[in-house]
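Asks: Sequence:
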Amino acid sequence: MEPMAHIALRAAREASTHIARSFDRPDLLKISEKSHNDFVTNVDRECEIMIAEALRATYPDHQITGEESTNNEVRADAEYAWIIDPIDGTFNFVRQVPHFCVSIACLHKGKLEHGIIIDPIRNEEFVTSRGKGCQLNGQRVRVSPKQDLDGALIGMGGAPIDSEKQSQLYAKLRTEKSNIREQGSACLDMAYVACGRLDGLWMYNLKPWDMAAGALMIIESGGLIGDFNGGAEFMKNGNVVAGNPKCFKALIPIVRRHYT
1 MEPMAHIALR
11 AAREASTHIA
21 RSFDRPDLLK
31 ISEKSHNDFV
41 TNVDRECEIM
51 IAEALRATYP
61 DHQITGEEST
71 NNEVRADAEY
81 AWIIDPIDGT
91 FNFVRQVPHF
101 CVSIACLHKG
111 KLEHGIIIDP
121 IRNEEFVTSR
131 GKGCQLNGQR
141 VRVSPKQDLD
151 GALIGMGGAP
161 IDSEKQSQLY
171 AKLRTEKSNI
181 REQGSACLDM
191 AYVACGRLDG
201 LWMYNLKPWD
211 MAAGALMIIE
221 SGGLIGDFNG
231 GAEFMKNGNV
241 VAGNPKCFKA
251 LIPIVRRHYT
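Sequential numbering from 1 applies to the sequence shown in our numbering.
Keep in mind the hints are simulated off the structure, nothing from the lab.
Accuracy of the hints is not assured; some may be wrong.
To be verified - Using C-beta positions, here's what the derived DEER-type ranges look like: (1) THR17 <-> ASP150: 39 to 49 Å; (2) LYS30 <-> ALA159: 34 to 44 Å; (3) PRO145 <-> ILE49: 38 to 48 Å.
For every residue, glycine included, the Cβ atom is placed at its ideal position computed from N, Cα and C.
The whole structure should be built from the sequences, with the hints applied where relevant.
Replies: The structure is reproduced here in structure tokens:
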């Protein structure tokens with residue numbers, strides 16, 4: 001494992017342990033609403049501080065930003081930048097739905113370099129580094145071999161941008177005999193594409209911390225990821241289509257037709 005990925009994994013494990021313990025004590029959660037149906041808890045903030053301090057202890061000159069930071073913009077001039085989502089899927093966490101994760105990504109001169117995603121409840125650790133593939137609990141994973149959308153398992157999510165278009169796209173994929181799942185954690189769903197549990201996904205209005213680690217995992221496991229036009233601007237515009245190569249290529253024209 002790459003040294004930087006190892007440092008990030010240790011930090012993510014520490015946060016994951018704290019999250020798992022807190023999940024069993026919902027009475028101790030302090031919950032506030034950042035915006036409509038967008039929650040943050042004391043555990044989110046505690047874990048982000050925990051991870052940031054661990055990274056800063058080893059890499060004091062690196063930029064570190066996270067979902068709960070007051071300054072959560074990645075600087076264009078940063079040689080190394082870490083992006084933290086302490087709990088991706090906070091709504092699930094608050095409601096005791098066991099589908100959420102810790103996510104840490106590292107960029108080197110603007111390019112995705114390392115990604116860590118941990119599911120604290122299932123004790124699953126996804127780790128990737130550029131050019132090194134993607135592993136789940138130490139075992140190499142690949143995207144699914146599904147050849148078309150008939151019977152494919154497709155994830156969806158993100159902050160709605162047009163509920164009518166969303167409904168039309170959902171209906172279109174159902175006519176393709178696809179099975180659709182909206183599970184509430186973009187990062188974890190991307191890890192599921194990387195390991196073949198999901199055949200593809202489309203998501204909208206994501207932030208960098210929602211997708212950075214998962215995007216690299218999909219690429220390193222043999223998948224494809226792009227924006228709604230199939231281009232490389234997904235980290236900027238927040239709109240994502242991903243999947244194994246066959247499902248990605250089948251999804252792009254359908255999503256593009258409904259959203260562009």
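Asks: Look at each hint and say if it fits the structure.
Replies: Do the hints match the structure? See the list:
no.: 1; hint: THR17 <-> ASP150: 39 to 49 Å; result: 42 Å, holds
no.: 2; hint: LYS30 <-> ALA159: 34 to 44 Å; result: 24 Å, violated
no.: 3; hint: PRO145 <-> ILE49: 38 to 48 Å; result: 42 Å, holds
Comparing the model with each earlier hint shows a violation of hint 2 alone; every other hint is respected.
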